[in-house]
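There are 2 protein chains.
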Amino acid sequence: MAGKKVLIVYAHQEPRSLNGSLKKVAVEELSKQGCTVTVSDLYAMDFEPRTTRKDVIGALSNPEFFNYGVEAYEAFKRRCLASDITDEQKKVQEADLVIFQFPLYWFGMPAILKGWMDRVLCQGFAFDIPGFYDAGFLKHGALHFCGFKVLAPQISFAPEIASEEERKAMVASWAQRLKTIWEEEPIDCTPPWYFGQ
Amino acid sequence: MAGKKVLIVYAHQEPRSLNGSLKKVAVEELSKQGCTVTVSDLYAMDFEPRTTRKDVIGALSNPEFFNYGVEAYEAFKRRCLASDITDEQKKVQEADLVIFQFPLYWFGMPAILKGWMDRVLCQGFAFDIPGFYDAGFLKHGALHFCGFKVLAPQISFAPEIASEEERKAMVASWAQRLKTIWEEEPIDCTPPWYFGQ
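Chains as they are written, first to last, in UniProt numbering: chain A, 1 to 197; chain B, 1 to 197.
FYI, nobody ran anything at the bench for these hints, they're computed from the structure. Check each hint, because a few of them may be wrong.
Identical copies carry no separate label here, and so any pair may be met within one copy or between two of them.
[As the list claims (entries may be wrong)] The list that follows gives simulated cross-link-like pairs (lysine to aspartate or glutamate, DMTMM-like), each with its CA atoms no further than 25 Å apart:
#, residue 1, residue 2
1, K90, E165
2, K24, E64
3, K4, E94
4, K54, E160
5, K54, D84
6, K5, D46
7, K5, D87
8, K54, D41
9, K77, E160
Model the full assembly from the supplied sequences, consistent with the hints where possible.
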């Protein structure tokens with residue numbers, strides 16, 4: 001939709017991969033709609049995935065006992081977080097739509113994107129909601145918990161053993177979905193009371 | 001057991017955390033048993049969690065299209081993996097027992113330990129086995145797949161809201177378990193045929 005801001009958080013080393021193609025087609029389709037599209041290309045940016053003391057500029061709240069969650073929250077309030085974090089937080093805050101584009105191997109995302117989540121969205125909250133396979137941890141845990149309205153995930157299964165035709169269909173299906181993405185309704189997520197709200 | 005080699009892969013920023021205490025008590029108990037205990041303290045080592053082209057020394061197998069899984073495997077066969085990876089692989093290979101000690105927040109492990117898994121054990125294989133909460137992804141996915149016999153996980157729930165007494169009991173229960181850890185039988189994991197073997 002014209003005028004909307006989109007952030008694509010993208011984690012893959014190879015631009016010519018399926019992930020790269022999915023990202024590229026999203027930039028094209030959304031730009032064509034008149035959206036402003038920003039891409040955080042985590043590998044290209046050499047994004048730091050480690051959550052360390054360096055994320056806090058200046059003195060720690062408790063230098064005797066380093067608790068990342070506490071220190072990051074205090075630094076956020078005092079506006080003392082490292083600029084690579086606040087730059088990303090600004091992009092998230094300004095965005096009308098955020099797309100996470102990453103390979104769904106292993107337990108769900110590359111370390112560098114997990115690092116982005118840990119550092120930008122805030123690390124350290126527990127959850128125990130089943131449904132890993134459809135990225136349940138992401139939509140119910142991190143994203144919903146952080147205040148996002150969450151759309152259904154778009155998953156391209158086993159691209160490495162798919163044919164070229166099938167991979168093209170995966171990209172086309174994503175481009176097609178994006179044409180009406182602004183009309184989609186958020187999916188049901190864990191209710192706020194689950195988190196004690 | 002005297003003479004056994006133990007590797008503890010430890011990911012926490014604060015030595016005085018519960019994770020730090022659990023690691024410390026494991027080193028003490030296992031050393032007392034006469035084991036040789038090696039600790040890979042990932043934060044202290046500043047372990048690189050990113051899976052990049054730098055992990056391969058020299059020429060790539062396919063410089064036109066970077067596929068991390070393929071390149072890492074080829075480099076492994078040619079003995080051209082980066083030394084921070086091969087150092088860890090050597091520790092794993094020599095160990096009779098490997099303990100992963102990390103906070104179980106979010107979707108299971110800090111990015112830096114996921115990076116260790118991605119780079120040392122090998123990245124890129126899919127799985128869809130439920131049971132996230134008891135670290136099923138780890139025991140059935142990564143570890144079992146890589147040839148480990150897997151013991152039951154030891155989980156200390158919600159230490160941040162536990163009392164000092166309760167946290168001490170968590171540490172004591174771990175120390176107690178370690179006294180007879182060599183007698184434990186591996187748990188049932190996904191059968192090999194699941195992975196096409």
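25 Å Cα threshold - placement of E160 relative to K77:
For K77 and E160, only the inter-copy Cα distance (21 Å) is at most 25 Å; the intra-copy one is 44 Å.
25 Å Cα cut-off: does K90 pair with E165 within a copy, between copies, both or neither?
Classified as neither; 39 Å inside a copy, 42 Å across copies.
Can you tell me if K54 and D84 fall within 25 Å by alpha carbon in one copy, between copies, both or neither?
both (11 Å within a copy, 22 Å between copies)
Check K24 against E64 for me: Cα-Cα at most 25 Å, and say if that holds within a copy, between copies, both or neither.
between (47 Å within a copy, 18 Å between copies)
Have a look at K4 and E94 and pick one of within, between, both or neither, based on CA distance no larger than 25 Å.
Intra 10 Å, inter 55 Å, cutoff 25 Å: intra-copy only.
Measure nothing new, just compare the shortest in-copy and cross-copy C-alpha distances for K5 and D46 to 25 Å and report within, between, both or neither.
within (24 Å within a copy, 36 Å between copies)
With 25 Å as the alpha-carbon cut-off, assign the pair K54 and E160 to within, between, both or neither.
between (38 Å within a copy, 23 Å between copies)
Have a look at K5 and D87 and pick one of within, between, both or neither, based on CA distance no larger than 25 Å.
within (15 Å within a copy, 45 Å between copies)
Homomeric proximity label, K54 with D41: Cα distance no greater than 25 Å:
both (22 Å within a copy, 18 Å between copies)
Hint 1 alone, counting from the list given before, is not met by this structure.
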